[in-house]
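Fit chain to chain and form the complex, with the hints in mind.
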Amino acid sequence: MIRNPTPTVWAIIVVLAIAAALAPMWLGPYGVKFATRIISLGILVLSLDLLIGVTGLVSFGHAAFYGLGAYAVWFVSPKDDSADLLKALALAIGLAGGAAAIIGAFAVRTRGFYFIMVTLAASQMLYALFHDTRIAGGSDGASIAVKPDLVIAGVTLIDFYNRNSIYWFGLAALALCYLLTLWLAQTPFGRALQGVRQNETRMSALGFETYWFKLTVFVIAGAMAGLGGLVFACIDGFVPPEALGWKQSGLAIMMVVLGGTGTLHGPIFGAIIYAMLEEALKSSGIVGATIADHWAIPMGLVLIAVVLGAPKGVAGLLPRRAAQKLTPSTDEPRIVATTQRLSVENVGRRFGGLVAVDGVTLSFEPNKVHAVIGPNGAGKTTFTNLLSGALPVSAGRIALDDEDITALSAAAKARRGIGRSFQRTNVFGDFTVGENCAVAAQARRPGVLRFGADRLREAEAVGFALDATGLRERAQIRAGDLSHGEQRQLEIAMLIASGAKILILDEPLAGTGPEETRRVMDLLRALTLDHTIIIIEHDMDAVFSAADTISVLVGGRLIARGAPDDIRRDAAVREAYLGNFGMERAP
Amino acid sequence: MELALIQIFNGVQYGLLIFLAASGLTLVFGILGVINLAHGSFYMLGAYLALTLTSLTGDIFLATLLGAPIAVAFGAAIEFLFVRHLYKRDHLQQVLLTFALILIFNETQRILWGSYPHSVPAPSYLSGSISLTGALSYPVYRLALTGICLALAMAMMFVITRTKIGALIRAGESNREMVELLGFDSRWLYRLVFASGTALAAAAGMLAAPVESVYPGVGERVLIISFVVVVIGGIGSIRGAFLGALAIGIADALGKVFLPGFASMMIYALMAAVLAIRPGGLFGRAA
Numbered sequence: 001m002i003r004n005p006t007p008t009v010w011a012i013i014v015v016l017a018i019a020a021a022l023a024p025m026w027l028g029p030y031g032v033k034f035a036t037r038i039i040s041l042g043i044l045v046l047s048l049d050l051l052i053g054v055t056g057l058v059s060f061g062h063a064a065f066y067g068l069g070a071y072a073v074w075f076v077s078p079k080d081d082s083a084d085l086l087k088a089l090a091l092a093i094g095l096a097g098g099a100a101a102i103i104g105a106f107a108v109r110t111r112g113f114y115f116i117m118v119t120l121a122a123s124q125m126l127y128a129l130f131h132d133t134r135i136a137g138g139s140d141g142a143s144i145a146v147k148p149d150l151v152i153a154g155v156t157l158i159d160f161y162n163r164n165s166i167y168w169f170g171l172a173a174l175a176l177c178y179l180l181t182l183w184l185a186q187t188p189f190g191r192a193l194q195g196v197r198q199n200e201t202r203m204s205a206l207g208f209e210t211y212w213f214k215l216t217v218f219v220i221a222g223a224m225a226g227l228g229g230l231v232f233a234c235i236d237g238f239v240p241p242e243a244l245g246w247k248q249s250g251l252a253i254m255m256v257v258l259g260g261t262g263t264l265h266g267p268i269f270g271a272i273i274y275a276m277l278e279e280a281l282k283s284s285g286i287v288g289a290t291i292a293d294h295w296a297i298p299m300g301l302v303l304i305a306v307v308l309g310a311p312k313g314v315a316g317l318l319p320r321r322a323a324q325k326l327t328p329s330t331d332e333p334r335i336v337a338t339t340q341r342l343s344v345e346n347v348g349r350r351f352g353g354l355v356a357v358d359g360v361t362l363s364f365e366p367n368k369v370h371a372v373i374g375p376n377g378a379g380k381t382t383f384t385n386l387l388s389g390a391l392p393v394s395a396g397r398i399a400l401d402d403e404d405i406t407a408l409s410a411a412a413k414a415r416r417g418i419g420r421s422f423q424r425t426n427v428f429g430d431f432t433v434g435e436n437c438a439v440a441a442q443a444r445r446p447g448v449l450r451f452g453a454d455r456l457r458e459a460e461a462v463g464f465a466l467d468a469t470g471l472r473e474r475a476q477i478r479a480g481d482l483s484h485g486e487q488r489q490l491e492i493a494m495l496i497a498s499g500a501k502i503l504i505l506d507e508p509l510a511g512t513g514p515e516e517t518r519r520v521m522d523l524l525r526a527l528t529l530d531h532t533i534i535i536i537e538h539d540m541d542a543v544f545s546a547a548d549t550i551s552v553l554v555g556g557r558l559i560a561r562g563a564p565d566d567i568r569r570d571a572a573v574r575e576a577y578l579g580n581f582g583m584e585r586a587p
Numbered sequence: 588m589e590l591a592l593i594q595i596f597n598g599v600q601y602g603l604l605i606f607l608a609a610s611g612l613t614l615v616f617g618i619l620g621v622i623n624l625a626h627g628s629f630y631m632l633g634a635y636l637a638l639t640l641t642s643l644t645g646d647i648f649l650a651t652l653l654g655a656p657i658a659v660a661f662g663a664a665i666e667f668l669f670v671r672h673l674y675k676r677d678h679l680q681q682v683l684l685t686f687a688l689i690l691i692f693n694e695t696q697r698i699l700w701g702s703y704p705h706s707v708p709a710p711s712y713l714s715g716s717i718s719l720t721g722a723l724s725y726p727v728y729r730l731a732l733t734g735i736c737l738a739l740a741m742a743m744m745f746v747i748t749r750t751k752i753g754a755l756i757r758a759g760e761s762n763r764e765m766v767e768l769l770g771f772d773s774r775w776l777y778r779l780v781f782a783s784g785t786a787l788a789a790a791a792g793m794l795a796a797p798v799e800s801v802y803p804g805v806g807e808r809v810l811i812i813s814f815v816v817v818v819i820g821g822i823g824s825i826r827g828a829f830l831g832a833l834a835i836g837i838a839d840a841l842g843k844v845f846l847p848g849f850a851s852m853m854i855y856a857l858m859a860a861v862l863a864i865r866p867g868g869l870f871g872r873a874a
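As they're listed, the protein sequences go chains H and D.
Note that the working numbering numbers the first sequence so that position 192 is 192, with each residue one more than the last.
With positions in the second sequence counted from 1, the corresponding number in the working numbering is that position plus 587.
With the rest of the complex left out, here is chain D (with noise of 0.2 Å):
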């Protein structure tokens, strides 16, 4: 039982985590149409800058409000560069350019920083444990990480909701063409939208890095996850994604322990039975 209420813990912050990479999928592929296979690169990328920033100033929370703004300046490149000559594109060529910068990405990411794991330290004020009933106990930095992630998710919605910029991004999700016909230029739109998508992910990343260690392929698994988020939460609704992200988190906690060996199958069945009773995902438009 008590291994149980730990699990949900980790289910929820590892759903939390996921949440925050897998709104920036969504809002990319309602918004932009754009399937982006290299969304886990930028979780990867995310994860060396919290390496890299961690060693030079010694803290990780320094280092992800140093690493934030790196992020979003790549996501803008990365979208003058390469994303925004897909917008017209079909998903095929979508997957084939995305996939060939996951090759480009994973091998920029050996060269710069090896192929072996690392591991980035928590900051020494929370470091311990805090006992949350007598015999349960609980890591603060993993608290603390639950904490700022549920501050950027409800920062980020309430951008959304309230703000003009979030008005112009549920329009655009809703219909594109309008948002031009009214005179907004799409085009730093879209850049906005990629590049918060990359900061999201990137984000996640580095403030994840204390709790897993640092490895090559550490967006991969994010990347899949973060897909099957999109889809139970229906394509382009943050709310989905939100709700998707929470039972993957836990779906998956509770699966490694109880089911040892099926967790991660057990995350594609919840997302086969969400499909087979709404194909449109929770909170999407019918497929």
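Excised from the complex, chain H in its bound form (with noise of 0.2 Å):
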């Protein structure tokens, strides 16, 4: 999770931005272009971290908006005047923005290497645009004759005829736009990108409809790169098809890779670092004349040591905060609460020819431990993905008392109460325990441009969830460091922080040892106060010793219902156990 930056990093930034702040009084004309440069590419990575580091999404096309930003200058800058600066801006960040929404709307349907794919595919499109037709002098490049101003009645505010105001305009954007990152990785919308970054399956899970999570912070990004297209087009006055090509994109990568992916103030620092680096291999009077000349070569290989090296970037080699404490227990007695009734009608599902689940016809009692068993095979994890939604059925009814819930998402259905863990353990790592818990809470209400408000609500939920699979005490800690026991037991938490009622929970105690099964399946119990529980287990001793009832599902049907002493004499259930595959012990 990211969170504000250290003292020391703090401490870093800050003389870092007050020398920024000063520098052109020291910096001749060169210095003053060459730092504002690295300021414009500072924006550019930033938001590109926001895709990589923040979200997951790696896009190889992030140049394409500032590239447009660019552009937009000189859209609305007259043949021999100045543009109105407002307007400028203005255009650049609608500019890139509307295209982000665009690209958006196709790219974030995609993940992994086709996301890197179709993001590069769009921008190349955008480079062909601007390098083969003469939009805006076509492969010449696009010049600025004069530069924006700000004038607001009669009074020239703002002057980018003046190298330092575009120096000092850039820096305070960049300076806003960091803030802003910063605190959007923090709100629930953050969080939310956070977890689709760790695992978006899980996160869809929960109830997040992840895709315009992904487009909404694609469109921040690429509006963000526009404002930084905004500021190179000011300093160079002029603009070339490649500030919008693949390799500008890949560049801006490897800033993002080499400052620190993830920590928001690392590109940046990668950015100045790679500016900084090309900037001396390229003066002969620092690497001599032969370096100079093929100064690729080194920055090359400077790369690659990093790749192999430093995964993690400059930013890595600086210290991280730890979790933020966590609102205090509520201590208020547990409520007691009764669940709605799941009930399934001749539910079926066939993948080809192959039936899966065959006419299932089952209702699940409120505030009741409910077991499926079955032999290999039986189509039990089909079962928990037609109840949780995860797959459609072919036939048959699911209701929800007497609503009919079986057209709904799995995303729709989390948002009615009925909640799912997987089979594998399937916890945010990086996330502490409380946050994982958190951003399950934030699932009840999952709506995209949340940035702050009912943290208390959630922290209610929060704290609910802790106490109520005594994981309080281990809030802190990094989900990813807990044990194997314990991370399911955090599976449950969240199921419980995030409103589900109805926990269906796909063999809960799979690979834990007997002292944490008997934690879980007393967990379990206790559940029942206000939850209903449906298991699917492997574990016999557990099931009939825990359930309140047991259904047998054989071949895709069910064979036997009722009280675990029912089942263990049931004439079916043995032939089906016993003849096929002999259990541990005789039920």
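In short, the hints are calculated from the structure, not lab data.
Any given hint could turn out to be false.
What the hints assert, rightly or not - To spell it out: a stretch of chain H is covered by chain D in this simulated footprint if at least three of its residues, at any positions, have a beta carbon under 8 Å from a beta carbon of chain D; those stretches are:
#, region
1, 52 to 64
2, 115 to 127
3, 247 to 257
4, 304 to 311
Beta carbons are placed, not taken as given, at the ideal position from N, Cα and C, and that holds for glycine.
If you want it as structure tokens, here you go:
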């Protein structure tokens, strides 16, 4: 989880910012121009880190928005007069953000390699548009004759004719963008983005429409990159189509990784270090004429060394802040509440010719522990997927009390209080236990644009979930560092925090030791105070000692249903198990 | 109409060249799991090898035969030095390291061959044009090039579908761990795949040298187009790459004549259209 920088890092940032603000006093005209370029790149890479480091979207076309922002300045500039800075700003941010919305609408549907390629192709398409046609100077690039200024009521407030004012404008924009992204990353919205980075499938299962989160952050990052492009166009007075080409995008990725992804300040350091290094390697006074002439080779070697030797980048060498304290326990007595009744009627699921679940009719009494058992391949996991909405049914009807919920998606069912855990442990390893529960609690109202508010109710839900599962003392620990059994407990805590009242647990005991098994089963029994539990489980001792009802699936059909004692005596069950498989101990 | 026919010929020929480059890329990604941005540099290597070796031997085909083992050795060396460290790394680091390789390769090219464009002569015995219909003629070298590319493509498909190595490659594409569990040394397989991919891209660069001039950024256009082809065809699919490359080649050639200025955009639009209908590409598993 991204947190505010440590005091050490803050000190570095503040000293750098003050030095940068005073820099024009001793930098020559060339120095100011060079520093302004770094600033424009800083805004670009900061916005890219919002995609790569925060959300896990490796965009290989981010420079497209930077270039569009730069071209926007040319578009609003009259041939021989200065443009209005506000107009330039509006167009740069609007054009870049608008393009990001269109490209993002397609791109964020894809993942991994395809996302990289779709963003690359989209930016190349824009590159081809500006390079091959004459809309803005074609391959020669676009020159901005007179730079923008800001005149209000006849008084010139900002005039970009003066280099220093572009510099300070850019610096202020960078500082603002940094504070904005740092805040954004720590809002519920930013937390959800980081959840998407760690495990998008899990986020969807929690009920987040990850598409809209990804699209929103794509647009924000695109608009921000457009602002960077505006600063670039204003300082150089010239926009080549290469500004939105794939090499510029690659360069930006390089700076992000060099500085350290997911730290926000790191990529800005990366931009500074990269630009200074390139400048140093290019100057024959520092490295000698031979190297200066072929600077790309040592530069390439440095980058390779970074990838192989310090994959966490420069920021990885600086201290990072530990988890925040959570609000203390409310210590209120547990509320006893009945849940709704989940029932299925003639539910079936076919995969091609294979019938995985065949006409199952079941009703799950509220506030009980229900077990679903059956030999391997009996269709248990498919059945769970049908209940939770992860798979659509081929036939039949699913109802919550009297309401038909057959057609609802997993996300919609999660909002109705039907939560499921997965066979494989599936917590967000980089979040703390508390943050895991918080992101789950956020899923109760999984809207995209949630930047504040509701913290109190969320804290309450988190506290409730932690208390209910006995994880209160572990709240500050990174979930990735928990024992296996504790991670399974955390999954249940997350379901509870998300507001789930009907918990569908797929093998909650898989891989736990005997001590942990008892703890989890005691936990499940205790949870029936205000929850209904449905477990799919192989551990027969645990199932027969803790479940209120047991349903037996064989070959996709329900062959028996009843209390543990009835199931123990059931002939069909005996045959299904003992005849084919043989259990550790006869039930 | 005749112009269209000529452009279709050109498109098929260009598509086959792109296929040679893209097939290496799709195999390297499908089997090694590595995004190799430096793949275009191997095409460039081929182009410059053709330049030097043709001036030494006087014949582009002789140059290609000599250049192929050089490209294989080069690819194997790059795999050993850099790429093998990327197998367990995430895409970001692969992009970064291979991007850094481009910097190094481009600069090395500039040191060795300079910044000016060069041309490579087609062999004298293939220099003319033959008339196809009354008013229509086509350069012989381009026809020969089409034939050679087609032969290479078929040879590669034969290796992949009919030989033991091909079976290993296909197995590696669908399940890397399994190949290792079965006791095959995947390091050897990976190096072979990477070196073959390098040689295919270089072969395309060498054979294309007499048709297009040899210049510093020659590989980069090929790189981007190859990625588009890989995405259209579906990652790891040779068949998909073949169809994708032909489609791109023809679309590009026709676009250049009938929609000048928008030809490159058409290619990306084609890709967007394919992805909209089949998110995993023509023959890919779903994304």
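Taking the hints in turn, this is what the structure says about them:
With 3 residues having a beta carbon nearer than 8 Å to a beta carbon of chain D, the region 52 to 64 of chain H meets the requirement of three or more and the stated coverage holds. Counting residues of the region 115 to 127 of chain H whose beta-carbon sits less than 8 Å from any beta-carbon of chain D gives 8, enough to reach three: the coverage restraint holds. By the rule of at least three residues with a Cβ nearer than 8 Å to a Cβ of chain D, the coverage given for the region 247 to 257 of chain H holds, with 4 such residues. Restraint check on the region 304 to 311 of chain H versus chain D: 5 residues with Cβ-Cβ distances below 8 Å, three needed, restraint holds.
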